[in-house]
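Q: Use the sequences and the hints to build the structure in full.
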Amino acid sequence: MALLTVRNVETYYGPIMAIRGVSLAVEDGSIVAVLGANGAGKTTVLKTVCGAMDPRKGTVDFDGTDITGLDPDRVARLGIGHVPEGREVFPFLTVEENLVVGAFSRKRADFSDDLQMVYGYFPALADRRRQPAGYLSGGEQQMLAIGRALMLRPKLMLLDEPSLGLAPTLAQEIATIVGRLRAERRMAILLVEQNARMALDVSDYGYVMETGRIVMEDTCERLKNAADIQEFYLGMKDRGVRGRRRWKQRKTWR
Amino acid sequence: MEAAQDMAMNENHTAIDGCVTVSALFRKRVAELGESKVALREKDLGIWNEYTWADYGAHARLAGMGLLALGLNRGDICSVAAETVKEWLFADLGIICVGGVSNGVYPTDSSSQVEYLINDSGTRFYFAEDEEQLDKVLAVRERTPTLEKIIIFDMEGLRDLDDPMCISFEELQRIGRDYGAEHPDSWDREIDRAAPDDLMILTYTSGTTGPPKGAMISQGNVMFMMAAMMGSYTVFDSDEQLGFLPLAHVAGRVFYTFLGMTAASVVNLVESPETLVQDLQEVSPTVHFAVPRVWEKQFSAVRIMLKESTALGRFAYNVAMAAGARRARYLKENRPVPLPLRLAFFCLERLVLKNVRRMLGIDSCRWLSTAAAPIAPDLIDWYWALGKPMYEVYGQTECSGIATANLPGDFRIGSVGKPTPGTEVVLSADNEILIRSPGVIQGYWNKPEQTADTFVQGWLHTGDVGRIDDDGFIYLIDRMKDIIITAGGKNITPSEIENQLKFSPYITDAVVVGDRRPYLTCLVMIDQENVTRFAQDNDVPFTTYTSLCHTREVEDLIGTEIEEVNTRFARVETIKQFRLIDQLLDPEDDELTPTQKLKRKVVNEKYSDLIDSMYQSA
Numbered sequence: 136m137a138l139l140t141v142r143n144v145e146t147y148y149g150p151i152m153a154i155r156g157v158s159l160a161v162e163d164g165s166i167v168a169v170l171g172a173n174g175a176g177k178t179t180v181l182k183t184v185c186g187a188m189d190p191r192k193g194t195v196d197f198d199g200t201d202i203t204g205l206d207p208d209r210v211a212r213l214g215i216g217h218v219p220e221g222r223e224v225f226p227f228l229t230v231e232e233n234l235v236v237g238a239f240s241r242k243r244a245d246f247s248d249d250l251q252m253v254y255g256y257f258p259a260l261a262d263r264r265r266q267p268a269g270y271l272s273g274g275e276q277q278m279l280a281i282g283r284a285l286m287l288r289p290k291l292m293l294l295d296e297p298s299l300g301l302a303p304t305l306a307q308e309i310a311t312i313v314g315r316l317r318a319e320r321r322m323a324i325l326l327v328e329q330n331a332r333m334a335l336d337v338s339d340y341g342y343v344m345e346t347g348r349i350v351m352e353d354t355c356e357r358l359k360n361a362a363d364i365q366e367f368y369l370g371m372k373d374r375g376v377r378g379r380r381r382w383k384q385r386k387t388w389r
Numbered sequence: 011m012e013a014a015q016d017m018a019m020n021e022n023h024t025a026i027d028g029c030v031t032v033s034a035l036f037r038k039r040v041a042e043l044g045e046s047k048v049a050l051r052e053k054d055l056g057i058w059n060e061y062t063w064a065d066y067g068a069h070a071r072l073a074g075m076g077l078l079a080l081g082l083n084r085g086d087i088c089s090v091a092a093e094t095v096k097e098w099l100f101a102d103l104g105i106i107c108v109g110g111v112s113n114g115v116y117p118t119d120s121s122s123q124v125e126y127l128i129n130d131s132g133t134r135f136y137f138a139e140d141e142e143q144l145d146k147v148l149a150v151r152e153r154t155p156t157l158e159k160i161i162i163f164d165m166e167g168l169r170d171l172d173d174p175m176c177i178s179f180e181e182l183q184r185i186g187r188d189y190g191a192e193h194p195d196s197w198d199r200e201i202d203r204a205a206p207d208d209l210m211i212l213t214y215t216s217g218t219t220g221p222p223k224g225a226m227i228s229q230g231n232v233m234f235m236m237a238a239m240m241g242s243y244t245v246f247d248s249d250e251q252l253g254f255l256p257l258a259h260v261a262g263r264v265f266y267t268f269l270g271m272t273a274a275s276v277v278n279l280v281e282s283p284e285t286l287v288q289d290l291q292e293v294s295p296t297v298h299f300a301v302p303r304v305w306e307k308q309f310s311a312v313r314i315m316l317k318e319s320t321a322l323g324r325f326a327y328n329v330a331m332a333a334g335a336r337r338a339r340y341l342k343e344n345r346p347v348p349l350p351l352r353l354a355f356f357c358l359e360r361l362v363l364k365n366v367r368r369m370l371g372i373d374s375c376r377w378l379s380t381a382a383a384p385i386a387p388d389l390i391d392w393y394w395a396l397g398k399p400m401y402e403v404y405g406q407t408e409c410s411g412i413a414t415a416n417l418p419g420d421f422r423i424g425s426v427g428k429p430t431p432g433t434e435v436v437l438s439a440d441n442e443i444l445i446r447s448p449g450v451i452q453g454y455w456n457k458p459e460q461t462a463d464t465f466v467q468g469w470l471h472t473g474d475v476g477r478i479d480d481d482g483f484i485y486l487i488d489r490m491k492d493i494i495i496t497a498g499g500k501n502i503t504p505s506e507i508e509n510q511l512k513f514s515p516y517i518t519d520a521v522v523v524g525d526r527r528p529y530l531t532c533l534v535m536i537d538q539e540n541v542t543r544f545a546q547d548n549d550v551p552f553t554t555y556t557s558l559c560h561t562r563e564v565e566d567l568i569g570t571e572i573e574e575v576n577t578r579f580a581r582v583e584t585i586k587q588f589r590l591i592d593q594l595l596d597p598e599d600d601e602l603t604p605t606q607k608l609k610r611k612v613v614n615e616k617y618s619d620l621i622d623s624m625y626q627s628a
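Just so you know, the protein sequences line up as chains H and R, in that order. One gets my numbering by counting positions in the first sequence from 1 and adding 135 to each. One gets my numbering by counting positions in the second sequence from 1 and adding 10 to each.
By construction, these hints were calculated from the structure, which means they are not laboratory data. Watch out, some of these pointers could steer you wrong.
[Unchecked claim] Looking from chain R toward chain H, a few residues come up when the C-beta cut is under 8 angstroms (computed):
id: 1; residue: GLU141
id: 2; residue: ASP145
id: 3; residue: LEU148
id: 4; residue: GLY468
id: 5; residue: HIS471
id: 6; residue: GLU539
id: 7; residue: THR553
[What the hints assert, rightly or not] Derived pair list, reagent style EDC-like, types lysine to aspartate or glutamate, alpha-carbon separation capped at 16 angstroms:
id: 8; chain 1: H; residue 1: LYS383; chain 2: R; residue 2: GLU141
id: 9; chain 1: H; residue 1: LYS383; chain 2: R; residue 2: GLU142
id: 10; chain 1: H; residue 1: LYS383; chain 2: R; residue 2: ASP547
id: 11; chain 1: H; residue 1: LYS192; chain 2: R; residue 2: ASP547
id: 12; chain 1: H; residue 1: LYS383; chain 2: R; residue 2: GLU598
id: 13; chain 1: H; residue 1: LYS386; chain 2: R; residue 2: GLU142
On a predicted model such as this, the values are computed, not experimentally measured, just so you know. All C-beta atoms, glycine included, are put in the ideal place defined by N, C-alpha and C.
A: Dropping the structure here:
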């Protein structure tokens, strides 16, 4: 039994069906990547899992309980930490206050160790603990957002585009942290990324979404070698007879 | 509204409005209709642009003159690889009018197929739609010695292209304009030189045995075909067609290029194959020819829509269709419809059926026509109940189009009708359909052996097995070589079973197997949209197409559909085992024809392991 099981989920924005029947699973302690172009429905999948959006159809099971339609705070209490796209830190609260907010479900006495743990992963945050979070750089804000989710001691972390807008070295640093979190804390991670190379390097298993549906799934090793992934996600395209080729092969997802 | 073509047929040639060649007829249409009438519309970025006969004529003329300037001689082969776009028609008539031979290449053909077609036909001039089509030729041009020039319709992304072999269509037309200024008479001279026996187009037929063969269709073949079609159906100059079938296929060519010209009706070209459904609604054609796959999709769409509609909606639909079916029974027997039924249908049609038809885009159609593949009679009945007459016709590339047709007032559902005027159809001793008419072509390009096998003493051997009833209606049974003889010695016509299977909204296509085997089995290609809906409605988790095919529920679903079909057949004709094709196929795959039918032979070879597995369990 997987830690997270999403079955046949359909989620709407008003009349628009953003997810058109998605099923996926995240095993305990694994990193699973969801790839896809803009508007494919990746973020909506995460929002549906964390309870920010309710699916009109389908179920979400976490750790043996049905969490479909639960409010986001209840879902968080059960052990799902969500790092939203664009970080969404509280700009007027200090770094430490932001982290404390992340531990909203727990007693103050319990989480001082966790603060140290977060500062252990992200020393940069420790230096700036008293500063308002709005003054942090993009990379630091991303660390803070991850740190805030860690304060829950989640069993599963939902990571939405952690490398968005970051310099390549920072993106690499985030990727390293993601790997460490899994190795050291046996945390499962559902990772949504546009940076396919990074996502495939760090994850065990991947799903590819297109217009609200999953079109391909496999281990990341095999995904990296699939022709469509190479052309459409890794930018490795055959340059064709004229030394340049603008048109795209038809996708077959095989 | 006018359908007053003056037609005359004699032993040597067919004349339409005094013209015995397509070239001359085109010139006449352009001269008489000029700016006064729209010939083509093409949707571009959502807007329907209009082209009058004068535009059509001018574009074709410039293209033709451009080819003359490049050194085209009468009888030279020009190939065109493009979707159904206006430039295809411009180039086609340009080529034909200056005496070239125009050959269609499917835009889905692969590089190696392009290489074969160029070499087999000896193409000198190659028209490529865009960058993608261009790259396919460039990749093989080292091995195509006859190829001289590549002309590109759409130069998007090719601004820096610097290759002496390639020019844009605009450039060709510019050269043509200059040439025309120096040789003002050459256009008319070439048109006047055309004779009915001149080879006009090559149409490659997908060879199920061996490589594709180029059917040699002459000017006179097409003129005969036009006269036969106009004699069978009324097509007015006010009629609108939707152009969406590939022009490399004889049906697309005959309906859009030649019938449009003969009837002076309007052809509306879709924006892309993907926008067919919406474009059909917008154009709402008055006459509509399509292949069974298109009709099957419409039927599935309505079935699925009903599932999602209210109980009242379903009730209304069922009542209306029941009345429609009762009315259709009278029409089919050519009996007057009783007044109460006529009244009931009148009301239900306005309340219910019109809406369904409008959604499908067929509400304005005077008639619907289907051919090119077998169709389930139940599906034709469905359109009749909906209030639209659908006529099945039959023909082959080798007879330049249609040979038999069901006609208004003279039709029988399930049959392919009676021979069209000027066509003779008989059965050979082993029930093969033989056709003789002025539409039957001279043979296959550079293939004397196959020509001699297929055309015997003026009779076209179609390879189709059929029967003729007492009233002269012809029924197709199957392709001769497709007939299955089971290990038990029983003759089985797979297409009959496959048609019933395809009638299920969950099955797009199926191939029945069982030649020299103890029982029948089949491979099924599921309808992605509808099966996905089924899985969603029944909480069957799946991720990709492959995983969808492997769920037990979907296998059970298809199993139930097959069981349902089995009840309609004798015991020996029932399907005992089946497998799903778990890859999503597209027309670029070998398994599918450009019209997205499964190719029996390829499927049998490619999935031989899967097929064998169905015979091991026993």
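Q: Evaluate each hint against the coordinates.
A: A quick look at each hint next to the structure:
With a least beta-carbon distance of about 5 angstroms to chain H, the hint placing GLU141 of chain R at the interface is held under the 8 angstroms criterion. Interface hint status for ASP145 of chain R: upheld, as the beta-carbon distance to the closest one in chain H is roughly 5 angstroms, under 8 angstroms. For LEU148 of chain R, the shortest C-beta to C-beta distance to chain H is roughly 4 angstroms, which falls under 8 angstroms, so the interface hint holds. With 8 angstroms as the threshold, the beta carbon of GLY468 of chain R stays out of range of chain H, its nearest partner Cβ sitting at about 44 angstroms, so the hint is violated.
At a threshold of 8 angstroms, the smallest CB-CB gap from HIS471 of chain R to chain H is about 37 angstroms, leaving the interface hint violated. At a threshold of 8 angstroms, the smallest CB-CB gap from GLU539 of chain R to chain H is about 10 angstroms, leaving the interface hint violated. Restraint check, THR553 of chain R versus chain H: the minimum CB separation of about 4 angstroms is within 8 angstroms; hint holds. Under the criterion of a C-alpha separation no larger than 16 angstroms, the hint pairing LYS383 of chain H with GLU141 of chain R is consistent with the structure, at around 10 angstroms.
The hinted pair formed by LYS383 of chain H and GLU142 of chain R meets the criterion: a straight-line CA distance of about 8 angstroms does not exceed 16 angstroms. A hinted pair counts as satisfied when its Cα atoms are at most 16 angstroms apart, and LYS383 of chain H with ASP547 of chain R does not qualify at roughly 34 angstroms. In summary, the hint linking LYS192 of chain H to ASP547 of chain R is supported, as the alpha carbons are separated by about 9 angstroms, within the 16 angstroms threshold. Between LYS383 of chain H and GLU598 of chain R the alpha-carbon distance is near 14 angstroms, which keeps this suggested pair within the 16 angstroms criterion.
Note on LYS386 of chain H and GLU142 of chain R: the hinted pairing holds, with a Cα-Cα distance of about 14 angstroms set against a maximum of 16 angstroms.
Consistency with the previously given hints fails for numbers 4, 5, 6 and 10, ordered from lowest to highest.
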